[in-house]
Amino acid sequence: MPYLATDRLAKSQEFAGPDEAWAVAEAGAGRRVVALNRAAERAGLKPGMSVADALAIRPSLKLAPHEPAEEDALLGRLAEWCVAYTPFAAADLWREGIGSAGLWLDTTGCDHLWGGEAALLDDLLSRLERLGFTARAAVADSPGAAWGWARFGAGGVVEPGASRQMLAALPVTALRLAPDCVLALARLGLRRIGDLYPVARAPLTARFGTVVGRRLDQALGAEEEPISPLRPPQSLQVQRRFLSPIARAEDVAAAVQFLLARLMDLLARQQLGVRRLDLSVFRVDASCKRLAVGTSRPTRDAAALFRLMALQIDGLQAGFGIDSLTLSASVAAPLAARQQDMTDAGESESLSEMLDTLGNRLGFNRLQGVPPAGSHLPERAVRRLPAAAGPFPEPWPDLRRPPILLSRPEAVAVTAPLPDAPPLLFRWRQTLHRVRRAEGPERLEGEWWRDQSPARDYYLVESEEGERFWLYRLGLPGEFNPARWFVHGLFA
Amino acid sequence: MPDLAQLRDRVRALEGLPSLTAGAGAAAAPLGVAAIDDCLPWGGLPLGGLHEIRAERTAAPGAAQGFTACLLGRVARERRGRLLWLTLSDHLYPAGLAGLGVPTERLLVVRPVRRADLLWAAEESLRCKGVAGVVAELDGADFTAARRLSLASRGSGVPALLFNQGENLGAVLTRWQVAPAPSETSVGVGPWRWRLALTRCRGMAASIDDQTLKWVVEAKHAKGGFSLVALSGDRSLGQVARIRRTG
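Sequences listed follow chains A and B, in order.
Per my numbering, numbering through the first sequence is continuous, rising by one, with the last residue being 496.
Per my numbering, numbering through the second sequence is continuous, rising by one, with the last residue being 244.
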């Protein structure tokens, strides 16, 4: 995708008119041009030249800031969209000096679905073009050869076994080598890939390290080069394409139910249950939306899973319509044939189902079991564990603790007769409380292995109205002057 | 008149109230205080339905929260399964709930971010028979929302304790108003004492529906439940019990 950076801007409508020349440039002093559109290239500009030079050649040149992160994100989205062609799609991010950004697709076993490799390329290119992306593509025996052929060759299909011959005429840059390496090779008179074929490996390695030899082997298919696909290969996946795009929520729901039934069959045969379900929705405008639901224990209950999905399908925006749907069990766990239990299986199952429903909408971290943690400090005394982990049979220490603990202790003004006595009256939240009874102090030291926080003396005090508070004084008696008091909790 | 009694039972069944003729013990969680249990037509806190707990002053929510926890503890004795406490705030402290008789090993704290999610989660959990009881901290809810919760609770028999800081809720079976009361002890601070007022109770004879029943109770630390300290209602208990028996 030679014009990705400028195509991205063209889509944002800021730069109307295909004939206008504009460039993407780095920010800051000594700015250099990073990418150009076609009109600018025709004017004789080149990436890498300084902005001042470029403006001298073409004064009407428009400039836009370079946003590599945005471009990478766009490429990632395009790669996701390409999953419609093959499950092995990955983004080839732009790196300084080495060709332009692009996409990897491993079409092995997928091309026949499109009527051959050439037809697949045509389809891909024409769709990208309609979306406003200029792209060049090549299919070859190895990723390296396809990379070079797409960028420096004619593009298109390289017949099996023809890579060596086709690549021979390309410049060595087509081997994904860094600019300084290319320059050094040129000094030796090695300008074309074909020039490298007869050169002995040992001196090449001695001079350039292993990179040249490895890139050459990768291009010629002598060395395997795996591409890392966006998502791992999945066999627990079912797909449905639509002859004409669908948009109504009911249609989507029906299609999802159909897919769920097929996926559950697939899982049942392998004695697996789903823990996490991913639904990829491919829209006609080349965007892809992913919905995911998780369950706390493996299940094959299509109806229950559909209920979880339905919560999200309702909020799905179909846009111009949906091309195809892919449903995959991205996390599966063994689930033996259903166990019949007469006692309380039904109850615990409906409970875990309900917790799944809550977790999927609220987030599983919002459902917490609350066993004691081994800490005497009130704010650290409670552990928060995922709901599915419980029940938690540990008992709490037999201490008087409030059911309401303020997440941040609130400072109060206090009148106490003596430094180590409970307060007589205190003002909290604009209300004056007269203390009628008090209990304490309960001295809680800071945890020396964590921090050096001062000790706290906790008092349980009861006001004349009967309200009960958990107050503490920071530090030992007299350590702070005036003494600092806080309300930490409200008793029942 | 057997016909009239049958008819009454049918009407009460439609209203979601227990039958007067058949034993209705299993559908209620007794509070463990005879004076209060006798006033409730169900002989305790009915399980399938909404119960609203309000603080007399919203600035002092501790007592009402403690009473809610106590009721949850009573419910947990009657029903198996997990207990859910739904709250938007982050200041619920389970260590303190344990001292009020809530079996915290069965407790799940659900903390939605939005108010609408909390009502939705309350309804979902009330539909689930595997749940022993649900507490939801609300700041009011419109009638439709309360009605939905009520239907869910009645359908499954899972009791809902709504600790409400907002407007009075509709569709509730009982409404309790709670205020702290000074404790009594020789040294330090004694067991928690609360002033309870039963300000609404469905199915109580119409003549006392608008009357207020009041008690002062004392919580039993760690054991759960409470004991009666004093009556402050102006109506004698015997009269109320008699009304209940005659229907």
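Because the hints were derived from the structure by calculation, they are not lab data.
Built from N, CA and C at the ideal position, the CB exists for glycine as well.
Honestly, I wouldn't trust all of these hints.
[Said to hold, decoys possible] Here are the computed distance ranges between Cβ atoms for each label pair:
id	chain 1	residue 1	chain 2	residue 2	range
1	B	154	A	485	33 to 43 Å
2	B	32	A	314	21 to 31 Å
3	A	378	B	113	32 to 42 Å
[Said to hold, decoys possible] To be clear about the criterion: a stretch of chain A counts as covered by chain B if any three or more of its residues have a C-beta under 8 Å from a C-beta of chain B, and this derived list gives those stretches:
id	segment
4	65 to 71
5	250 to 258
6	374 to 385
Now for the hints, and whether the structure bears them out:
no.	hint	verdict
1	154/B / 485/A: 33 to 43 Å	violated, 60 Å
2	32/B / 314/A: 21 to 31 Å	violated, 49 Å
3	378/A / 113/B: 32 to 42 Å	holds, 38 Å
4	65 to 71	violated (count 0)
5	250 to 258	violated (count 0)
6	374 to 385	holds (count 5)
Of the numbered hints stated above, those contradicted by the structure are hints 1, 2, 4 and 5, listed in ascending order.
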